[in-house]
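Asks: Given next are the chains, with one letter for each unit.
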Amino acid sequence: MFRGSLAWEGVSGLGLRTFIEGWPVYRQLTGTDPLGRGAAAKSDGSRALTARTEDADSVARSVCPYCAVGCGQRVFVKDGQVSQIEGDPDSPISRGRLCPKGSASKSLVTSPLRQTTVRYRRPYSTQWEDLELDTALDMIADRILAAREQTWEDVDTQGRPLNRTLGISSLGGATLDNEENYLIKKLFTAMGALQIENQARI
Amino acid sequence: MAEAHPVGFQWVMEAKRRGAKVFHVDPRFTRTSAVADEYLPIRAGTDIALLGGVVRYILDNELDFREYVLSYTNAATIVSEEFSDTEDGDGFFSGFDPETGTYVQDSWQYEGHEDSSGSGHTAQERDSAAGLTHESHGAPVGGQTRRDETLQHPRCVYQILKRHFARYTPEMVERVCGISQAQFLELARAWTANSGRDRTGMLIYSVGWTQHSVGVQYIRTGAIIQLLLGNMGRPGGGVMALRGHASIQGSTDIPTLFNLLPGYLPMPHHAEHPSFDEWVDSIRHPGQKGFWGNARSFAASLLKAYWGDAATPENDFCYGYLPRLTGDHGTYQQVLNMIDGKIKGYFLLGQNPAVGSAHGRAQRLGMANLDWLVVRDLFMIESATFWQNGPEVATGEIVPEECRTEVFFLPAASHVEKEGTFTQTQRLLQWREKAVEPPGDARSELWFFYHLGRKLREKLADSTLPRDRALLDLTWDYPTHGPHAEPSAEAVLREINGYDVATGRPLSGFAEARADGSTAIGCWIYSGVYADGVNQAARRKSRHEQDWVAAEWGWAWPANRRILYNRASADPDGNPWSERKRYVWWDAEKAEWTGYDVPDFEKTKPPSYRPPVGASGPEGIAGDDPFVMQGDGKGWLYAPSGVLDGPLPTHYEPVESPVRNPLYGQQANPTRKMYAHPVNSVNPSPPQEHAQVFPYVFTVSRLTEHHTAGAMSRTVSPLAELQPEMFVEVSPALAGEVGLTHLGWAHLVSGRAVIEAKVLVTDRLTPLRVDGRIIHQVWLPYHFGFEGLVTGDSANDLFGISLDPNVLIQESKVGTCDVRPGRRPTGPALLDLVADYQRRAGIVPGQHAPAVTTDNEGKEHGAS
Ligand code: SF4
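Residue numbers (this note's numbering), protein chains in the order written: chain P, 382 to 583; chain G, 19 to 882.
I should point out that these hints are in silico values taken from the structure, not numbers from a laboratory. C-beta: ideal position from N, C-alpha, C; glycine also. Heads up, a few of these hints could be off.
[What the hints assert, rightly or not] As a list, the in silico BS3-like pairs of lysine-lysine whose alpha-carbon atoms are at most 25 Å apart:
id, chain 1, residue 1, chain 2, residue 2
1, G, Lys608, G, Lys621
2, G, Lys452, P, Lys459
3, G, Lys452, P, Lys487
4, G, Lys34, G, Lys599
5, P, Lys487, P, Lys459
6, G, Lys599, G, Lys621
[As the list claims (entries may be wrong)] Simulated coverage check for chain G against chain P, where a stretch passes if three residues somewhere in it have a Cβ under 8 Å from a Cβ of chain P:
id, region
7, 272 to 281
8, 284 to 293
9, 371 to 380
[To be verified] Some but not every residue of chain G turned toward chain P, in silico, with C-beta under 8 Å:
id, residue
10, Gln28
11, Tyr339
12, His347
13, Glu420
14, Pro429
15, Arg561
16, Leu826
17, Ile827
18, Gln828
The whole structure should be built from the sequences, with the hints applied where relevant.
Replies: Next comes the structure, spelled out in C-alpha cells:
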C-alpha cells in the first residue's frame, strides 16, 4: 500500500533508516512476515487498532445455528452485547472455519429486524397489537385446555384407549436444543397432543 | 455439499489433496461440481437407476469384497420360495394389495421365517411412518437363517440381487438418467477400485435423496453398494447423511415427531399396542438376536422419567397415559385437516411452513382456518403474517377481516442467548454456553414450555378428570435460575441421560437401564452424555491435543462411538483388514476389543464366539456379527422387512415426470402416500394423457448464502445482500425454446401455483438426452418468501403433496411445470391461469390417478 505524504514527512523528520523501515515491502523482505499479511502490512493507523476479540469481557464456546455440520463458534461479549462471533480453531469439525452463514451469525443475533416483544392479532383484525408476555402465556394455556375439552378422545369405537386430542398441532424442533425438544415432546405427550412434527419430516 | 455444507466440504477437499477422486452427481453444476474431478449431470429422480447400474457392475464383474460380503452381510441367506421380484412382476414384488396400495411382506421373508413377527400387512405401518423407527436399529427378523456360503443357491440374496439388477446396464443408465455410458463406467470403476482391504469409499447425500417418493430406497441402494464393497463400519467409508439444521438429528433422536418417542421407541398404536407388554414385544421381538432385546428396560425407564413416582411396575409405568395413534397424523395430513376445520390450535417453533413446506398455498390456507396460532421465532416470518401479507390476500382467497385465526407471536431466544446441546449430523452432541441474555420478551423454548406446563398444571390442580392425570403426575420440577426463572438445561440433560431413581446418581450408559422401575432415562441412546455427573457434551479438548478421531470433543451417541458398526473394520478373526485401515480390533492378549474408537461390540466377546442354539438378544450375536442392532447380526443387502415399498430398490419415475418408465410397466412407486383433497393435485405423467401440458422438470435446492425458508438469512443484511433476488436457472437451449432473456423475467406454472423469478441463462443446466428425446430441467432456490430484507415468490408453492411410504416425507426435489416468459399475472387473474392449466391437463381437484399404472402399452415396455 502506498502511504503518500505521510512517508515523506517521515524522511525529513526521522531520517532515512526509519523511512526505509517504514516501507511495508522492506519489512516484508527482512522481517518475520514474508507473505506481507501480518506485521509487515501494518500502518500507524492499523497498529493502533485492537481486535474486538481482544477487549471482550467474556467468550462463550458455542456452535453455529444454521446447518448440521456443527461448526464451533466463539462468541465474544462486550458490555453485555455480542461484539463478535468467530470460528473456533480448536474444533476438529471446522478447524476455525465458518461459511458465509456462520460468519453472519453476529448479524443474525443482533439484527435490527429481530422481534423482541410479544405481538398479538385478534380474530378478524387487520393489525397487530401489543400483549404482555405473561398474559400471552396465560391465554395460550387457556386455549390449550379449551381445545382439549372440545376434541378429547378417551377411547376408540371398540373401547380401546386413545387418551388424546387431535385438536392441537405443533411444528418445529430442528433449530432447537435437545433439552428443548425433550420438554416439548414430554409436555405435549402428557397433554394428549400427538400431532407433533418438525423439519425432519420435510 | 460445497453449497449447502461448505465447512464440511473442506474434508472432501482434504481427501482430494491426498489423492481421492471426487464425483459429483447433480442435476445442476454447482460450486461442488466446480472442484470435483468429475461432474455427472443427472435427470432429477433417477438415482436408483444410476446406483442400480453400479450394483450390477459390481456383481457382473465380481468386484464385491467377497470375504466381507460373505461374513458380514446377508448375501448367503436363502429367501422364501414364495418371493417374486419386480423383474417378474413388471414393477411389483409379490404381496401387493391393490386395495390399500401396500404390500403384505410374508413372501419377502427369509426361508422358514414366512410368518415371522416382522411380516404381514404394511398399510398401518405406512400411515405411522414406521420406517423411521429403524433409524437406530434393524427391522425385525428371526435369528437363525439358512445360508449357502457358495452363493450359488438361486434363492440366496446374492443371486436375487444379481437378477434384480440385471437390466440396469450402462445403456439403461444412459437411457433413464441421461448420463453417458463412458461417464457412468468411469464412476463405477473408480468406486470399486477405491474399495477393499486397503481402501474405502464414502457416499454423501442430503435431502436431494430424501425428498422423493422413493427416498428411502435411494439410500438403500447406496447402502447395498457400500456393503458389497465393504465400506461400512470402516474409516473413510459409510453412507453420510448431511442434514440441514443445527439439531435436526437431535430432534429426530429426541423426536418432536408424531410417530416416535425418544430413542426411536414407537408411539403406541391403538390397535397394535393395547398393553405395555404388547408394545414392548413389538419393539423387542422375542427370539430375535441383537441389542434391541433390552427394549423393555428402555421403555420402562422412559415412562419412569416422564411420570416418576406415579409410574410403577404394577401400573405398567403409566403406559395407559400415552396418547395413541390411529393412522397418519403427519404434518401434511394435519395441514389438510386444518383446511377442513378439524384443528383448533397450532404451534410453530422455529419452522416456517408457509415457505419451507411443499404446497405453500395449502399451508397458508390451513393456517388461515385455525382458532389460534402460536408462532415462536426470532423474526416476523411469513407463517405469522400470511393473513396480512400472503399471496392469498392478493388473490382474494384470504380476507383479513374474514380470517378467524388468532395469532400470538412470541419472540424466541437465539443460540447465544441460552445454553443447551445441538446434535450435529454425525450424531455428535455439542454443548453451547450462554453468552448474553435474550432481549426484551425473547425467551428460550425451554422457558416457554416449562412455564406453559407449570401454568397448565396450576389451572388443572383441582381436576378429577382421568385425562388430566398424565399432566398432573408428570415430573416437572426442574430447577430455575435468573431474573426470568429460566429452567436448568443441565438438569434436563441429566434426565435425558438417566439416573438411578433411589440415589439420583447419573447413569454411565444404557447398559445400566432396568425394567423394574429403578432407573429413569429420558432418551436411552443418549445415556452416557452425563456419565459421572459430567456434561460430556461440553468437552472441548483441542484437536491439536488429541488424535484424529477426537473422541474428547463433544459426545456422540451411542456411548461416544464415532463410527457405527465398527466391528466391521476388523476381519472375521478380529484383525484389521489392513494396516492402512486399522480402526478397531481384537487384542488377543488382553482378550478384548480395542482401537481408536469405542468398539461397537461387547468388549470381551471373542471373534470366535458362536451363540448356543436358540439364543436371542445380545447373546445371539456371534463374534463375527458386526451389525449388532440387526435381528440376524448382518448388513442387509436385501431387506426382508422394515422397508415398505420393497426388499430391494427399484427404479420408479417421480410422481410427476415427462418420461414413461423405461424399466417397468409400473410408472411410479405404487405404495406412495397420496392425498385426494380438493387443494391437492398431481400433474399428469405418461401414460396418462396431457403430460405435455407440463413439459419441463424442475428441481430446487439451497444457496450457500441462505438457509431453508429464509427466516435466518433473508433477515440478515450481509446474507440478503449476497443473494438478493429469487431467480431461475435455465439452459441456453431452453431459453431459446421458450423465449427467455438473461436477467429478464419468467414465470413457472404447475397444477398448484404460478410463481415468477428472474432468469439466469447458464450452462450450469444441461439439456439431457433421455430415452431418445431431450429433457430440459430448470433449477430454483427455495429460500424466498414475502417477508424479510429480500423477498420473492416461493418455489415450494409449485409442489403438490405426494409422500414416500416409509417416512411420509414429500417429493419436493422433482416436479413438472411449464415455463413462460415475462412476469406472472396478479390478483384473481393468477387463479384463472392455474385453473386454465388444470383444465388443459385434465386435473380434477380432489382426484388423483390410480397408484397402479394401467395401460397395455406399459406392459410391452416392461417386458422389452
Ligand atoms: S458455518 Fe456454515 S457449514 Fe458451518 S455449521 Fe454454520 S452453516 Fe454449516
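Asks: What hints, given by number in increasing order, does this structure fail?
Replies: none
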